[in-house]
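Protein chains: 2
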Amino acid sequence: MTDSLEKLKSVVESYLATHLGKDVDQETLAQSMEYSTLAGGKRLRPTLTLATVELLGGELSDDVIRASCALELLHTYSLIHDDLPAMDNDDLRRGEPTNHRKFGAGMATLAGDGLLTLAFQWVTGNGLPADVKADLALELAKAAGPAGMVAGQARDIEGEGQKLSLDALRYLHRQKTGALLHYALLAGGIITKQPAEVKDLLTQFGDAYGLAFQIYDDLMDVLSTAEEMGKKVGKDAGEEKNTYPGLLGVEGAKAELHQALDAAKTSQSQLAEITGQSFDAFDDFLAYFKL
Amino acid sequence: MTDSLEKLKSVVESYLATHLGKDVDQETLAQSMEYSTLAGGKRLRPTLTLATVELLGGELSDDVIRASCALELLHTYSLIHDDLPAMDNDDLRRGEPTNHRKFGAGMATLAGDGLLTLAFQWVTGNGLPADVKADLALELAKAAGPAGMVAGQARDIEGEGQKLSLDALRYLHRQKTGALLHYALLAGGIITKQPAEVKDLLTQFGDAYGLAFQIYDDLMDVLSTAEEMGKKVGKDAGEEKNTYPGLLGVEGAKAELHQALDAAKTSQSQLAEITGQSFDAFDDFLAYFKL
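Protein chains in written order, with the working numbering: chain A, 1 to 291; chain B, 1 to 291.
Note that these hints are calculated values from the structure, not bench results.
You may find that some hints are simply not true.
Partial chain A-side listing against chain B, Cβ under 7 Å, derived [claimed, not checked]:
#, residue
1, S10
2, E13
3, L16
4, A17
5, K133
6, V150
7, A151
Simulated coverage check for chain A against chain B, where a stretch passes if three residues somewhere in it have a Cβ under 8 Å from a Cβ of chain B [stated by the list, open to error]:
#, stretch
8, 23 to 31
9, 83 to 93
10, 96 to 106
11, 114 to 122
Note that the structure is a prediction, hence the values are computed from the model and not measured.
Where is the CB? At the ideal position from N, CA and C, for every residue including glycine.
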C-alpha cells in the first residue's frame with residue numbers, strides 16, 4: 001500500500017516549509033531562498049524518490065524525507081540561475097516575478113548557490129547509514145554537475161541560434177533535464193540498498209521519463225496558452241532555441257513522446273517482475289502526460 | 001618529516017591540471033572552469049588540509065589529494081560568482097580578465113555552479129571510507145552554504161553603504177572567509193579520524209587563521225600598490241565596503257591581526273601538546289602575514 005502522489009507532495013511541501021529557513025543565517029538570503037522554493041510546483045523529483053522508496057518497502061522516515069527533499073532544493077537553484085539576466089533573462093516563473101526581479105541578480109545568484117550547497121547538506125546531514133549518504137552525495141553531484149545538468153545548460157547556451165541534430169538535442173536534454181530525474185529514481189534505490197540490476201532498471205525508467213518530460217514541456221510551449229503555463233509561451237521558438245517540435249514537427253514530437261513513454265512502461269514492468277512488487281504507482285507519474 | 005608548502009602546492013596544481021577537465025562534458029564549460037581554476041593562486045586551502053593530514057601522520061594518497069583539492073574548486077567558484085556583474089562587477093582577477101569578461105556572465109555563472117557541484121563529487125568520489133566521505137561532504141556544505149560562506153556574501157551585499165560594528169564585521173568575515181579555512185583544517189582531522197578535542201583545536205587554529213587572513217587582506221588593500229595585488233586596490237573604501245582599517249584605522253587593524261595570530265599560535269602549541277607531534281610546519285602558514 002503506497003501513499004498517493006498528492007500525499008507525498010504534501011510531505012515534501014511541509015518539510016520544505018518547516019526546515020529550509022532553519023539552515024539559513026542571513027535574513028534576506030532566507031527570504032530569497034524560500035521565495036522560490038516555497039512557490040509551489042509539482043515537487044516531481046522528491047516525490048519520485050519517495051514513491052520509489054515506498055514501492056521498494058522503505059519507510060518514509062524524517063531522514064529519508066530530508067535526503068529526498070534535497071533534490072527539490074537543487075532543482076529550485078537551477079531554475080533561479082536559469083532565469084537570471086545573464087542566462088534566460090525571464091521575468092516570470094509560475095506566474096510570479098522571478099527571484100532576481102524580486103531580490104536583485106546578486107541576491108538571486110547567492111540564493112541559487114545557497115540552495116545548491118544546502119542540497120548536499122541535506123543528503124549528508126541526516127541519520128541514514130554513511131555509505132548511503134556518501135553514495136547519494138556522489139550521484140547527486142554527478143547528475144547535477146559539469147558532466148550532467150550544468151553541461152546541458154552550457155550546451156543550451158552554446159546551441160542557441162544553431163540548428164541541432166535530433167541526436168544532439170537528445171544528448172543536451174539527457175544532461176539538462178534527464179540527469180536529475182535519473183538521480184531521483186536512483187536515490188530511491190540507494191536509500192533502500194537495492195542490487196545493481198534494480199538500480200539499473202530504476203534509472204532506465206528515470207531516463208525514459210526524463211526524455212518524455214522534456215518533449216512534453218516543448219510541446220506544451222507550442223500548444224498551451226500563457227495563462228495555463230504561468231510563464232511566457234512561444235518563447236523558445238522566438239529565441240531560436242532547439243526544441244522537439246521545432247525539429248520534428250508537433251506530430252513527430254508526439255510520436256517521440258509516445259516512444260519514450262513505452263520505454264518507461266517496459267522498465268516499469270521489468271521492475272515489477274524482478275522485485276516481485278507492484279509498480280502500478282508509477283502509473284500516476286506517467287498520467288502526467290496528457291495530450 | 002613533512003613536505004614543504006611549495007611541494008604541497010605543486011601537488012595541488014598538478015592534480016587540478018590533470019583531473020579537472022576529465023569531469024566536464026562540454027567544451028566551453030571546461031575551458032571556463034579551467035581558466036579560473038588553473039590561473040594560479042596560493043592554493044592555501046587544500047595545502048592547509050594536506051599539511052594537516054601529514055602532521056597527523058596521514059598518507060597523501062590520490063584519494064586524500066582528490067578530497068583536499070575539492071576545496072580549491074569550491075574556492076574558485078566563490079571568486080567567479082563574486083566577480084560577476086551582478087555582484088562585485090570586477091574586471092580583473094590575478095591580473096587577468098575575470099571569468100565573465102572572458103566567457104560572458106552566463107557561462108561564468110555555469111562555471112561557478114559546475115565547480116561548486118564538482119567539489120562535492122571530489123569529496124565523495126574517491127576511495128576513502130564512507131564515513132569520512134559523508135562527513136567531509138556535510139562539513140563542506142555547512143562551511144560553504146547558507147549558514148556559512150554564502151550567508152557572509154549576502155551579509156556583505158546588504159552591508160554595503162552601511163557602517164557595521166566591529167562585532168558585525170567579525171561575524172560577516174567568520175562566515176565569508178573564515179568558514180572555508182575552518183573547514184580546511186577540520187578536513188585534515190576528519191581524514192585522519194582524530195578525536196573531537198583534536199578537531200576542535202584544529203578548527204580553533206583555522207578560525208584564528210581565517211580572521212588574520214581577512215584583516216591582512218583588508219590591510220593590503222590599503223597599503224599595497226595595484227601592481228603587487230594584480231587587481232584594483234583602494235576599491236573597498238571607494239565602494240564603502242566595511243573593512244578592518246576602515247573601522248579601526250591601520251594601527252588598530254594591525255593590533256587586531258596580531259591578536260588573531262597569537263590565538264592561532266596558542267592553538268598550534270596545544271595541538272603539539274595533545275598529539276605529541278610537532279606542529280612547527282604551521283609556522284610556514286603564519287609566515288604569510290608580513291607587515
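Going down the list of hints, with the structure as the test:
no. : hint       : in the structure
1   : S10        : violated (25 Å)
2   : E13        : violated (20 Å)
3   : L16        : violated (14 Å)
4   : A17        : violated (16 Å)
5   : K133       : holds (4 Å)
6   : V150       : holds (4 Å)
7   : A151       : holds (4 Å)
8   : 23 to 31   : holds (count 7)
9   : 83 to 93   : holds (count 4)
10  : 96 to 106  : holds (count 4)
11  : 114 to 122 : holds (count 7)
Of the numbered hints stated above, those contradicted by the structure are hints 1, 2, 3 and 4, listed in ascending order.
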